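Asker: Sequence lines, in order, name chains S and B.
At position 217 of the first sequence the residue is numbered 217 (our numbering), and the sequence of numbers has no breaks.
At position 143 of the second sequence the residue is numbered 143 (our numbering), and the sequence of numbers has no breaks.
In short, the hints are calculated from the structure, not lab data.
Computed from a predicted structure; not experimentally measured.
Ideal Cβ placement from N, Cα and C applies to all residues, glycine included.
Misleading hints may appear alongside valid ones.
Claimed, not checked - Negatives, chain S to chain B, calculated, CB over 12 Å:
| id | residue |
| --- | --- |
| 1 | Glu67 |
| 2 | Leu121 |
| 3 | Asp149 |
| 4 | Val198 |
| 5 | Val263 |
| 6 | Gly348 |
| 7 | Asp398 |
Stated by the list, open to error - Using C-beta positions, here's what the derived DEER-type ranges look like:
| id | chain 1 | residue 1 | chain 2 | residue 2 | range |
| --- | --- | --- | --- | --- | --- |
| 8 | S | Leu342 | B | Pro160 | 30 to 38 Å |
| 9 | S | Pro199 | B | Gly141 | 37 to 45 Å |
| 10 | B | Thr107 | S | Arg45 | 49 to 57 Å |
| 11 | B | Glu55 | S | Val365 | 26 to 34 Å |
| 12 | B | Gly44 | S | Ala403 | 33 to 41 Å |
| 13 | B | Pro160 | S | Ile66 | 44 to 52 Å |
| 14 | B | Glu95 | S | Asp246 | 53 to 61 Å |
| 15 | B | Gly176 | S | Pro337 | 50 to 58 Å |
| 16 | S | Ala403 | B | Ser92 | 57 to 65 Å |
| 17 | B | Gly141 | S | Val365 | 53 to 61 Å |
| 18 | S | Gly113 | B | Ser92 | 43 to 51 Å |
| 19 | S | Ser245 | B | Glu55 | 45 to 53 Å |
| 20 | S | Pro406 | B | Thr107 | 17 to 25 Å |
| 21 | B | Ser92 | S | Arg233 | 54 to 62 Å |
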Amino acid sequence: MKVVVLKFGGTSVRSKENRMKAALRVVSAKEAGYHPVVVVSAIGRRGEPYATDTLVGLLSEIDPVIEPDSREMDLMMACGEIISSAVFAHTLKSLGHPAMAMRGGQAGIRTDGSYGSARILGVNPIGLYEVLGRGAIPVVCGFQGVWTDGKLPGAELTTLGRGGSDTTAAAIGAALGAERVEIYTDVDGVKTADPDFVPHAPTLPKVSYDEVAEIAHLGAKVLHPRAAEVAMRFGIPLWVKNTFSDAAGTEVVHRDGVDGRRVTGVTHSGKLVYLQMDLSGVEESARRAVMRMVYETLGQHSFNLYMVNLSPTSFGFAVPRDQYGTFMLLFDGLVFPINGSLIMLQVGDEATPETRTQLRLLGDVPLVKMTVTEGCTMVSLVGQDYIQQPGVFHWVLDTLIQAQVPVLQTSDSDFSVSLLVPESELHRAVHALHDQFLPPPVVA
Amino acid sequence: MSDSTIRPEPLRQDAASEYRMPDAIKETEFEKPRGINRVEVRKGLARVHVSRLSEPLAEHRLLVLRAVADAQISIDFLKFTPTGLSFIVPISGAEVVETALRDRGWTYSLKPDRSVVLVHAVNMRDEVGLMAQIIAEALTGDAVLEHLGDMHDRLLVVLPDDEAEALAERLRAQIGGEA
Numbered sequence: 001m002k003v004v005v006l007k008f009g010g011t012s013v014r015s016k017e018n019r020m021k022a023a024l025r026v027v028s029a030k031e032a033g034y035h036p037v038v039v040v041s042a043i044g045r046r047g048e049p050y051a052t053d054t055l056v057g058l059l060s061e062i063d064p065v066i067e068p069d070s071r072e073m074d075l076m077m078a079c080g081e082i083i084s085s086a087v088f089a090h091t092l093k094s095l096g097h098p099a100m101a102m103r104g105g106q107a108g109i110r111t112d113g114s115y116g117s118a119r120i121l122g123v124n125p126i127g128l129y130e131v132l133g134r135g136a137i138p139v140v141c142g143f144q145g146v147w148t149d150g151k152l153p154g155a156e157l158t159t160l161g162r163g164g165s166d167t168t169a170a171a172i173g174a175a176l177g178a179e180r181v182e183i184y185t186d187v188d189g190v191k192t193a194d195p196d197f198v199p200h201a202p203t204l205p206k207v208s209y210d211e212v213a214e215i216a217h218l219g220a221k222v223l224h225p226r227a228a229e230v231a232m233r234f235g236i237p238l239w240v241k242n243t244f245s246d247a248a249g250t251e252v253v254h255r256d257g258v259d260g261r262r263v264t265g266v267t268h269s270g271k272l273v274y275l276q277m278d279l280s281g282v283e284e285s286a287r288r289a290v291m292r293m294v295y296e297t298l299g300q301h302s303f304n305l306y307m308v309n310l311s312p313t314s315f316g317f318a319v320p321r322d323q324y325g326t327f328m329l330l331f332d333g334l335v336f337p338i339n340g341s342l343i344m345l346q347v348g349d350e351a352t353p354e355t356r357t358q359l360r361l362l363g364d365v366p367l368v369k370m371t372v373t374e375g376c377t378m379v380s381l382v383g384q385d386y387i388q389q390p391g392v393f394h395w396v397l398d399t400l401i402q403a404q405v406p407v408l409q410t411s412d413s414d415f416s417v418s419l420l421v422p423e424s425e426l427h428r429a430v431h432a433l434h435d436q437f438l439p440p441p442v443v444a
Numbered sequence: 001m002s003d004s005t006i007r008p009e010p011l012r013q014d015a016a017s018e019y020r021m022p023d024a025i026k027e028t029e030f031e032k033p034r035g036i037n038r039v040e041v042r043k044g045l046a047r048v049h050v051s052r053l054s055e056p057l058a059e060h061r062l063l064v065l066r067a068v069a070d071a072q073i074s075i076d077f078l079k080f081t082p083t084g085l086s087f088i089v090p091i092s093g094a095e096v097v098e099t100a101l102r103d104r105g106w107t108y109s110l111k112p113d114r115s116v117v118l119v120h121a122v123n124m125r126d127e128v129g130l131m132a133q134i135i136a137e138a139l140t141g142d143a144v145l146e147h148l149g150d151m152h153d154r155l156l157v158v159l160p161d162d163e164a165e166a167l168a169e170r171l172r173a174q175i176g177g178e179a
């Protein structure tokens, strides 16, 4: 019994014509002897009537101050996939193929209770088997599942967070022991760079689960890393294909199925603010206490951190730009006791009038300055068995210096080097790294 | 004219109905749990800190990296510091690196017998506040943290060998994760 899972993203289902092209791919799979199971995202992208962002706007525009409850947000967001699955199932029926739209819960997707970013705990595929057994094609709402808290009647609807539909597809593929999971999008497969930045970026015919997870974590939007991780864990063959072309796509395989050392791609992600704290004016015994206070506060206020670093007289990190306002409110002008005396923080080179007043009132309080670099982003070079070579950091930084791209900080793993650069230089950075490490083949 | 009574349409049978439901259907367990799943210690490292480099800093940092590359030593966890850079090398390469730095007259410190405590968490950067909480906890004890780094799935702390296991144990006890 051969099952194939086909997942269609928002662009693939945004119009009647697109849905027909997607549906014909499902029909082709069926005619090839497979039992197709379809997973769909919401119809269209931001600004379109049934897109997730549009639906969320119905709640968030009610009151600019009061945030909608995450439970109601999940109910609202899940509507996009419900609409999409009903429309897609009917499209298949119009082509003469029995189909049944299914909510995530009906497909057996059970999650934890984290509204907005739920994790799949398990999949009980009995509902899917039932529909398949009746000769129909299940059309499952991506991005959603259910959890039961034992108090409210029925199951609570949850959404899986970013990339949730990819994860749904991989999870269903694993639960059904699918021969493969095909993720359909509007590009020909996994590219070596964002084609909006590097139009000539080639499609990779084959990548490893590790590579695709790494590039996805570091900004590539073609496949969500959670989907790659689920597929890897269960050994489900994964493909990334274009709904609208006959290009072969990218096959995602185990690491030993990919030829040795190479650079996989150049990615970029994040709108960040880089903060560096100079502790040279603080007694050595107090430095640790300052750092601990800062990190405790960051943890309590749910900050996401990037590029953390530490030296004998300084420490630093980057925070998402949308958290910087809160950061300023919390830390600029903050006075706190360390080892029996007071220390004051100043965020940025210039003290605000409030900070100056506070300093005047407090007298001779040591001031710890935090240097702020706004408008930063991360560019990353990803490569299997490549990054560990001697000299990689030198080549990467030399390339960026030659391209006159300032690098503010770095971080690295076994698979990648990430560099914090000014957002204004991002295009140049991506191009320089791509041209250096992934040059186009020379045509004789 | 529309029929206000909507009835589910019976599914037509076709070739796909040959599908045979498996005798036993099991729920499949999925994604790794949130939060910290592993805290491990890797030994056998040396920490190098090169400081007081001249301006332009970027170009002088590059010269340091070139010297280490020429010595055929692979480095990890590179971080820029206010007047230089720091990184980790395998202890087996420490002597060669030290020679390269000394020969060029750079101000440096090279501390052998270092370990890295790696705290693994799935999608760590998406877990709000988690990285900061781990660092704050690491700073709570007496361990001398010399170097910090992060990636999307891990946080790393470099410190002297003899303090690493104790820090790892404390982190496991306070914030979770297996060895």
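Asker: Indicate, hint by hint, whether the structure satisfies it.
Answerer: Against the structure, the hints:
{"no.": "1", "hint": "Glu67", "verdict": "holds, 15 Å"}
{"no.": "2", "hint": "Leu121", "verdict": "violated, 6 Å"}
{"no.": "3", "hint": "Asp149", "verdict": "holds, 17 Å"}
{"no.": "4", "hint": "Val198", "verdict": "holds, 22 Å"}
{"no.": "5", "hint": "Val263", "verdict": "holds, 16 Å"}
{"no.": "6", "hint": "Gly348", "verdict": "holds, 17 Å"}
{"no.": "7", "hint": "Asp398", "verdict": "violated, 6 Å"}
{"no.": "8", "hint": "S/Leu342 / B/Pro160: 30 to 38 Å", "verdict": "holds, 32 Å"}
{"no.": "9", "hint": "S/Pro199 / B/Gly141: 37 to 45 Å", "verdict": "violated, 52 Å"}
{"no.": "10", "hint": "B/Thr107 / S/Arg45: 49 to 57 Å", "verdict": "holds, 53 Å"}
{"no.": "11", "hint": "B/Glu55 / S/Val365: 26 to 34 Å", "verdict": "holds, 32 Å"}
{"no.": "12", "hint": "B/Gly44 / S/Ala403: 33 to 41 Å", "verdict": "holds, 36 Å"}
{"no.": "13", "hint": "B/Pro160 / S/Ile66: 44 to 52 Å", "verdict": "holds, 51 Å"}
{"no.": "14", "hint": "B/Glu95 / S/Asp246: 53 to 61 Å", "verdict": "holds, 57 Å"}
{"no.": "15", "hint": "B/Gly176 / S/Pro337: 50 to 58 Å", "verdict": "violated, 31 Å"}
{"no.": "16", "hint": "S/Ala403 / B/Ser92: 57 to 65 Å", "verdict": "violated, 34 Å"}
{"no.": "17", "hint": "B/Gly141 / S/Val365: 53 to 61 Å", "verdict": "violated, 28 Å"}
{"no.": "18", "hint": "S/Gly113 / B/Ser92: 43 to 51 Å", "verdict": "holds, 49 Å"}
{"no.": "19", "hint": "S/Ser245 / B/Glu55: 45 to 53 Å", "verdict": "holds, 51 Å"}
{"no.": "20", "hint": "S/Pro406 / B/Thr107: 17 to 25 Å", "verdict": "holds, 23 Å"}
{"no.": "21", "hint": "B/Ser92 / S/Arg233: 54 to 62 Å", "verdict": "violated, 34 Å"}
Violation of the numbered hints given earlier is confined to hints 2, 7, 9, 15, 16, 17 and 21; the remaining hints are satisfied by the structure.
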